[in-house]
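**Student:** Letter by letter, the chains look like this.
Number of protein chains: 2
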Amino acid sequence: MTEHASDKAGQWMRGGGPDQDVVLSSRVRLARNLAGYPFVGRADTNQRRDLLERCRMSIARADITPGLHWVDLNDASSLDRKLLVERHLISRQHSKATSPRAVAISEDESIAVMINEEDHVRLQVLRTGMQLQDAYDQADVVDDVLERQLDFAFSSQLGYLTACPTNVGTGIRVSVMLHLPGLKLTGEIDKVRRAAKDMHLAVRGFYGEGTEAVGDLFQISNQTTLGKSEGQILFDFQDVVIPQIVEYERKARRALADHRATVLDDKVFRAWGTLSTARLLGSEEALYLLSYLRLGLCLDRIDSVSMQNVNELMLLIQSAHLQKIAARPLGGPERREFRARFVRERLGA
Amino acid sequence: MTEHASDKAGQWMRGGGPDQDVVLSSRVRLARNLAGYPFVGRADTNQRRDLLERCRMSIARADITPGLHWVDLNDASSLDRKLLVERHLISRQHSKATSPRAVAISEDESIAVMINEEDHVRLQVLRTGMQLQDAYDQADVVDDVLERQLDFAFSSQLGYLTACPTNVGTGIRVSVMLHLPGLKLTGEIDKVRRAAKDMHLAVRGFYGEGTEAVGDLFQISNQTTLGKSEGQILFDFQDVVIPQIVEYERKARRALADHRATVLDDKVFRAWGTLSTARLLGSEEALYLLSYLRLGLCLDRIDSVSMQNVNELMLLIQSAHLQKIAARPLGGPERREFRARFVRERLGA
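Chains as they are written, first to last, in this note's numbering: chain V, 119 to 467; chain A, 119 to 467.
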């Protein structure tokens, strides 16, 4: 997987899908633990190894479509692990750990099952655009198939038991990656941040937990999973909260196009100009410029590039991807040079 | 003059001439005062009016080639006066004063004679590239012709008498406009500033006295005129000091091209990218980007534009010029928009 796919993005990141002007992708994650074992943080190496082997055999036996490819992270190179992080298929912590751990990934990268991360099993389903229900439905199917093979720790009172109390209950976390350049440019983004906080939502950057929002990409997710059914959590998020933010962003974009078209075009075309000419390009600057290009595409201000191209570039300009594409390690300055050339070529500049 | 020439630069600014890679232009200025009158600062309005009239008639009678066109600054609009400042034909103070004053300018703008600025008569000759001797020779001829009509205050002991003691003696000031992006990029520019200070040279920005160097353009001039002959001043400046700086800049450029070509190209091509795409452009940013473009041309890194085009743009992007070209007053945001469009058109982008 990590060998052949580094120069294109997973299906979920290529754009398309409902509300794709604002919603890049949808994600549903389920946290599960095997009964009869301590949580990962309290398990010793033998227990972890045992857990890993049980999961590997179960997944191999399970009838999951599309089929999953097993990646033992202790056998994976540091660069391959970094690539998986950049593709949002494993967490940073999972990449950096040293104990027995793995991830099982479907060919199209829509499904990823981390083994021995914070929980024994963390199943994620990714979809392009606003497709949370779809993602949940698939996660539910895979969860059922896995549950036929594995005995998940479940309390009739609390629901699924998880290592961290915030996941107890349904063990579900739903999140969307939003592109909010309109709200950023109109200065309303902080209002959204505050509102999200009031609604107990977590707001993170493109690069996940602990990262700042770069390129106006914001990952928004629910924080509590106890006391609500999966259906209620999904409905609140998908049908109430996110549509409001999406509409708010669209309104900001329309206001920009209607009343500040020159300021908007200045950002969009400068972004195009810099991306097509730079000889050295850092990843943050690239993402920030691609964000404006994407905004320009959504508002029909520019047509020199396709949306899929821009969406893919947002992923591919990351360090591990570039080194995979170059097929060799690249130090900082060399990487910035390679990134600039790669972007120019992709943009046909 | 101010009506038809606002969309092109004076001959001296179009580029060309010796050492044009580093020396944009050469200037010689002579300060003279009429015997029998107080200096301008001490003259009353009637005396200034009288001085103005005497100079006007003398210049009209004098056999000066190319012929001079008289501009009474009290009759000129504020925009026209600003245009003359931007073209380096009058000083900022001369533009802003309200008392009787004028400037006589040759069609090609190589000669400008300010009347009633700090001195009664300030004669300037401008040349493209490194042509100080040439500029001096012409200034000397015009000075002689004027002296046949006007009785200049002269002391056998001190030389020409001037309002400010720093000009007493020869009354000469020689200056060059240097483009020093290489020394700026290699961080050696401060050494040059210090060395210039040690040699009693004044270093100013493109926009003249009291302005910071923008776009790596530095105006360097001698500071003292007493105790040295014109020939000595010229020789020291033209044959000793400036050639050293020019060589120093060329060395810095070669070092950049040889050892930091990617950093260099990044600056040059980004400048091109931004200038050809921006929809809003401030004058300082434009000058700064044109400076990199000029560097790229000098080092054969880019060929999408001609040197004359870039040199002219450095002048034409200024506010008064843009408003003359637009043939209407332009407020700040509108001006930035007009500037961006004008630059794009000139660059054929």
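Derived by calculation from the structure, the hints in this document are not laboratory data.
Fair warning: there could be bad hints in the mix.
It does not matter which identical chain is used: a pair holds within one copy or between any two.
Pairs of lysine to any residue residues, derived as SDA-like cross-links and limited to a Cα-Cα distance of at most 25 Å, are as follows [unchecked claim]: (1) Lys-126 <-> Ala-467; (2) Lys-302 <-> Pro-451; (3) Lys-369 <-> Gln-350; (4) Lys-302 <-> Asp-262; (5) Lys-302 <-> Val-321; (6) Lys-214 <-> Phe-460; (7) Lys-369 <-> Pro-451; (8) Lys-369 <-> Gln-275; (9) Lys-369 <-> Met-425.
Just so we're clear, the structure is a prediction, and the values are computed from it rather than from any experiment.
**Student:** Against the earlier hints, flag every one the structure doesn't satisfy and list their numbers going up.
**Tutor:** 3, 4, 6, 8
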